[in-house]
Structures are given as C-alpha cells and as structure tokens.
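From first to last, the protein sequence lines stand for chains C and G.
Under numbering that gives the first Met the number 0, the first sequence is numbered contiguously, ending at residue 241.
Under numbering that gives the first Met the number 0, the second sequence is numbered contiguously, ending at residue 583.
For the record, the hints were derived by calculation from the structure and aren't laboratory data.
Treat the hints with caution; some may be incorrect.
Said to hold, decoys possible - Below, simulated DSS-like cross-link-like pairs (lysine-lysine); rule was C-alpha separation at most 25 Å, straight line: (1) Lys156(G) x Lys117(C); (2) Lys117(C) x Lys218(C); (3) Lys156(G) x Lys128(C); (4) Lys221(C) x Lys234(C); (5) Lys327(G) x Lys23(C); (6) Lys480(G) x Lys140(C); (7) Lys146(C) x Lys327(G); (8) Lys221(C) x Lys327(G); (9) Lys456(G) x Lys480(G); (10) Lys146(C) x Lys480(G).
Please read all numbers here as calculations on a predicted model, not as lab measurements.
Listed here are the chains, written in short residue letters.
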Amino acid sequence: MNVVLRIKRYNPETDSSPHFEDFKVDVQPTDRLLDALMFVKRHLDGSLSFRKSCAHGICGSDAMTINGSERLACKTLVRDVADEEDAVITIEPLQALPVQRDLMVDYTRFFEFYRVVKPYLFPAQHVDKGEHLQTLEERKKFDDVTKCILCASCQSACPVIREGTDFIGPAAIVQAARFVFDSRDRGIGARLDVLDAANGVWPCENHLECTRVCPRGIKVTKAINLTKREIKTFKEGGHQNV
Amino acid sequence: MSKTQTHEFDAVIVGAGGAGLYAALEASSIPGNRTAVLSKLLPIRSHTGTAQGGIGAALGNVEEDNPEWHAFDTVKGGDYLVDQQAARILADDAVQAVYDLENRGLPFNRTLDGRIDQRRFGGHTRNFGEAPVKRACYAADRTGHMILQTLYQQCIKNEVAFFDEFHIVDVLIEGHRCAGVVALELATGALHVFHTKAVMIATGGFGRMYRTTSNAYANTGDGPAVLARRGVPLEDMEFFQFHPTGIRGMGILITEAVRGEGGILRNREGERFMERYAPTMLDLAPRDMIARAMMTEINTGHGILGDPSQDDYLHLDATALGADVLAKKLPDIREFCQTYLGLDPADKPIPVQPTAHYAMGGIPTDLDGRVTADGEAGVYEGLYAAGECACVSVHGANRLGTNSLVDLIVYGRRAGRHMAEFVRQADLPTLPGDAATHAEMIVKRSDKKPQPGQAAKIRTSMRDIMMDSVGVYRSGAGLSKAVEQFKALRAEAQDVGVGDTNQAYNTDLLEFLESQNLLDLALVTAASAAHREESRGAHSREDFPERLDERFLCHTLVTVEDGSIRFATKPVDTSIWKPKPRAY
Ligand SMILES: Cc1cc2nc3c(=O)[nH]c(=O)nc-3n(C[C@H](O)[C@H](O)[C@H](O)COP(=O)(O)OP(=O)(O)OC[C@H]3O[C@@H](n4cnc5c(N)ncnc54)[C@H](O)[C@@H]3O)c2cc1C
Ligand code: SF4
Ligand code: FES
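If we strip away everything but chain C, and leave its shape as in the complex, we get (with noise of 0.2 Å):
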C-alpha cells in the first residue's frame, strides 16, 4: 500500500524554524515504520536524521511522536497507523526535549536527571563470596521498572514537563524505583535529596500519560506514587524495604 510520511524537518545549518516534508513511500501494512523511514533515507533523502539501532524495540533509541501520539519507530507497524491507501502519517521528534535536527533530539537533561538520582546498587549487606539471597516475592517487587529502556517517552507526554517546568521526570523515578524497592537495596537516604525535593516525586499530578506511552508497558505512574509513599514511610520510621 502507498502512505504519506508527514514528517517534521529541521535543520539548524539551514533553517529558522521546522517545517513539514511529505514522502510517499511504497510499504507492507506488516512493515515497522522504521523499515518506511530508512527507506526514506536510504532511496528518497540521504539527510533524514533520526537515531535507530535495535530494530525491534529493545535499546530505546527511535523514540518518536507518531500521529500525536509517542512511539517507537521499530515497535509501531504501518497497520497501527495508517489503515487506508493513502492515510497520512505525522512523524515528529519527542515533545518537551531540545530538537537537535529533524527527529534527533538532545537527551542530555533527560540522562542528567537519570544520573543524580543514583542509579546504582547501595547494597544493603556486603557478600563476600556468592550472591545476596532474594526471595521470588521480593524479586517481583521491582520487576516490572526493570524494563526501561530509557526511551524518555514519557518524559515527552508528561503535561508537567511539557509546561516547562524542573520536574526531574517519570523515566528518573522509574529508575529510582528499581532500587528503592529491590530488597538488596539500602540507598533510598542518600537519593532523598532528589526524590524529596521540590522538583523530585512531588510534581507528579497522575496525569497517567507516561504510562499510556510507555511502549514497555511499566506502570509508570503507579511507580511513582509508590516511591511517594516509601518515601513517606522512611521518613517516618527510617526505614526501607522492611
């Protein structure tokens, strides 16, 4: 089937402001959309700039906004968004992050906020030899923000963000939340700075756009407002994970 690429361009040697471009390419409804955008790039316009690398939906990097809505290029078949000769589809970068050209945008804010809530293991006890104990109940605690690919699709559709504020953002708590609730864990007093703190857990407003998006299907929102209480509860008892 023919369908319309509508896709927004911008070229910061060139242009003063984005513009939209249509390509109408030749696809299968089967095809990924990304299959559709590298043949733009590849037979139609060398200089379609968009980042890709997995292919099917596992390193985060073609995160995009397709038909208004945010999507992974390789993840979104051409039949989930287009289902008629001809349709239409919109292509445009990720909203609320710095266009850097035409799809590319700058993830250096987005991955800032991931690093100061430290993402990494304070262990709770030191092993010496072996591994820590987790029981399959305190293993499936945290399993499901385990799955962020780091995509910052839902930083895109978080209205909070979109207003220009300093929220550090649903993907960051997503990865705050993979220890605070991981029983090996005792790190959750040293990210209170961040987490408690004006910009940290508290401007979340459960729109529950992060967790439409998220084509990980975590429940995003749910994350956060479960670090909102564990929050709560160490600051009451000093303690985490018990």
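Start from chain C and add chain G with the ligands according to the hints.
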C-alpha cells in the same frame, strides 16, 4: 571541515557494550588513571542490551555442575578450534563474574531458595556430553539489557568519562605501537584526535553484512575494519554463526531459551526433526548443527510451505510451555511475537528461519586482550580488544549460547586490568605529526557527488551475496565468485558520495563509513571461507563436507594489502582435550 581537536588520556576504550563498560570499570578503579570511553551510540543503546537468554556459569544452583564441564562443552561446541586454556579461564572465571554482576545489583531470576536461577541452553551438558544441564543464569529474557544497565550504572557511580556519539574512523599505529584513535563527533562533524598510552577496541559484531540478521543497525564491524586497514590481521573470519530461530523474514531473534524451557522445532509434517540429527541433545544441539538441519529440511521440501524455491521456514512450537511460563521467563519473546507476527506463542507455533547472528572471528588477542600480530611479530604495544569484535579464541568454529556474555565480562575484565597496569608504567608515545590525515582522507572520500540509490544498491548486493554464497552452506565456486563480486563492489563504492553535506548530525556520512567497513569485512569473510577447504562448526562446505584436522586444525589469519589478500595460520591450543568427531 571544522578544526581538529586533540585530547590526551591514559587509556581510551572504544565501545560501551558489555566488554567496553566492564573494561572501563576496571580501568577507572585505579586512581589517577585518566580513562575515556568513546561510543558511536549512547552507551545504553549498545547491542549488548538486546541479549536475551542468559549468561553461562557453572554455579550448580539448580543441579550439579562444574566449570570443567563448561570448558569442555565450549571446546566441543567450537568444533575443537577453541584455544583450550582460554576456554578454561572462561569457564572458571564465569562463576565469579556472575557473582560480581549480582553483587553490583543485576536482578537475576531466582530459585525457590533465593539463589540465582539457571536454565538449559544449547550444547551445555553434564559430565562431558551425557545430558543437558541447567547452566544459563538469566534475568527473564532480558539478560543483556540488565547486564548493560548494571554496568552503565556502575560506570556512572565511578564517574567514568564518556564521549557519546563519537565514531572512530582510524587507529594510530606506528610500527607495533598504538598511539591513539581519531573519531568523528556526530554533533559537530569535527574530527578529534585522542592521544593515549593505550586503546581498547570493543566495537561489537558485524551481522549487518547479511540480509537476514538478528543484529542491530550499528553492528557494522568498525573496529576490525579500521584495524585491518592499518595492517592488523583478522582471525577466523570464515566462522559466522547463524542462529536457528530468527523471526521469519525479519531476523529478530527468538532466544534459544525457548527451546531450553521446552520449545520444539517442527517441520510441515509436524515432526520433531531434530530427533534424526541429534538424538541425545535434540533441539538443544549446538546452533551450527540445528541451522544446517533446518536448511536440509527446507531444501528437501519439508519446510512449512513445502517449497524450497520460496523463502521457506519452519515452526518453533512453544505451546507446551503455557502462558504462565512464557509470562514469567520469556515475556519479551511473547511480546515480539504479538507485535511483529500478531500471534501468541502460547497458542500458535512461531515461524522461524536461521538468522545471521554472531561473529566468532575478529581481532586476534592473547589471554590478556592484547592484540597480536601475525608470525613472530608478537603483540601490538598499547592495543587491546575484547568482546564480539575480538577473537581470543573461546568460540572457535561455533559459539555456544550464553558464552558471549561470559566472554564480555571475563575477557573485558582481563583486558581492562592488563591495560590499567600497562598505562601505569608506560610513557605517552609520540603522536604522529599527521595524526588526523588518514582519517581526513577517509571522510573526504564522501565529498563525491552521489548517484541516487547507488549506495543502497551496493549495500543490498553485499547482503544478498553474503546470504546466498557465504551463509549456512558454502561452496568453492560460490565463494570464489563472491570474492570477485566484493572486490568489484568495493571499487564501485569508491565513487559513492554522501547526499547530506551538512556538518551537524550527519548520519548519512556515518552510514557511508559503516558501509565501507562492512564491505571490507564481507570480502575477508568470503576469502577466508574460500581458503578453508573443510567443514568445521559454522563453516560448512558442500565440496568439502568433512573436518580435516591434518590440514586445518589451525586458526586463519587474513590481511588485506592494496587489494591483495594474504593468509597466515596460527596454531590452536589443544593442550587439554584431544580433538574427536563431534556427535550430540
Ligand atoms: C538478539 C541477540 C541476542 C543475544 N543473546 C545472547 C545471550 O542470551 N547470551 C549471550 O551470551 N550472547 C547473546 N548474544 C550475543 C551478545 O549479546 C553480543 O555478542 C555481545 O553483547 C556483544 O557485546 P560487545 O560489548 O562486544 O559489543 P556491543 O554491545 O555490540 O557494543 C559495541 C559498542 O561499540 C560501539 N561502537 C561500535 N562502532 C563504533 C565506532 N566506530 N566508534 C565508536 N564506538 C563504536 C557501540 O556504540 C557500542 O557501544 C545475543 C546477540 C543478539 C544479537
Ligand atoms: S519508563 Fe517507559 S517510556 Fe519512560 S523511559 Fe522507561 S521505557 Fe521509556
Ligand atoms: S531501534 Fe531500538 S528501540 Fe527502536
């Protein structure tokens, strides 16, 4: 072109996958060492993150196991082309490597008593081949994702200096001393010279040579190709693994763990055909054997379509696992099937075909990750390699599943350690006056006026030829023809320009560089395969169906100079187990 900047470091690691990051952790744990990691992708996008099934280590958490069995399986799986002391180190150190990852936070799946859970994988056996053993430690079917995340987290903790989206174009080598690398910065298009005492190459695989592959777009073999251009030999390039179960047409990987958990391969008659090819290990025989069995089934009309002239396929039947096991142990696999095939593997079989997956060959190294030259020349001083781009060799002619992740950790660490020690006592070598010249020339080649579609045509031809003539089955005639075709394509590629003439974020230029690297590696792969007139592991010659130890129990070293290809050999270490015929 913007002005070239020069940076000075003690050590530079190129690549931020499992191998590069582990080396960075080692290097950064020595105070005073200035280490930089360069990566063409944001580190967290590296291909290690896609590894699914597991990392092998004889922990014995679920059933009796020991590292000696693991080492033996590795050697036999590699059809005796494995260097045996290297395999011993791999298997012995794997145990502590997995504990280290766990201690640093990796969320492995757990057993009922809270230990790291383990499952079966192809070619891993109890007691030297008696029966399958549960050796693969795993975090659902995103083991690689968790390894990459854990290592990146630890690097952040250690404040490792990253240069993200820096793409190396050249490695500076004078005589046998490495003095640094030259990289292109994506954001600006500027070249940067990194002047350093030591360099480690950890750029991963190059499955993108093939039409159907499990590999990411980024897997273009830049490290080996850049070194080959500098006269460094490459080892055992003829051995490229086809994984039996890629999603039909797309090549997306369906992990062997599906079979480890009980999945079965079936032909159009519904027969479990592996009973005829590998009566003991069945669907858990090594990958080379299964891929060949599948091609034989397809070529004899037992594919699902029953028509070898079409792009035929087989079924991977995971219905017996049930929705619960799939959800707990293979959730991503289930999701891939739902997303890309519109089916649930709990109800329906998965259509699969062999997919180009893993490079056994690569940059030759010694046990400390030092890059070795051919013949008597010894090692390159200050040049290291680790991970999929390197060849220690622990995978020989065919890698066992779960052994790549072990390789990254065990040899990434050994190389990182050795390099950290080396830079403590070494002096900074002199930087050649024309450090950036060679790189400038390479980048400048792209200035030609592009012919529309020409680059795409060359790339498509390369991938088709690799698939058809340098795939699961090969023949002398097909390989010789492929070599000639690649020479012609390389000549043609000299005239391909780059459409995008901007400086900032020029991904078109990167694709140009990557394509040239792939073409170079396609040429040496085909040439090495033509040179080896025997069948061993993943290299299967129709005209030479037997393994010929008298002539070919040796590693191939290949060098390309001014378009002519030179071969040398390197002995295989068989000091522990005598080579035997391989049966499963
Ligand atoms: C789908 C899939 C599943 C797999 N599952 C398993 C499994 O279950 N168990 C197992 O043991 N193995 C598995 N493997 C194999 C294993 O994942 C890889 O071999 C391994 O991850 C490679 O790691 P690496 O560190 O060598 O390279 P990669 O992780 O590929 O990293 C390469 C790095 O080099 C950088 N780089 C590349 N070129 C340049 C350049 N020119 N300049 C600068 N930087 C550059 C990249 O940015 C990247 O950071 C799997 C492979 C695939 C494809
Ligand atoms: S939580 Fe989901 S949407 Fe947000 S960065 Fe992680 S994977 Fe992407
Ligand atoms: S390319 Fe990796 S997530 Fe889409």
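> Which of the listed hints are broken here?
Replying inline: 5, 6, 10
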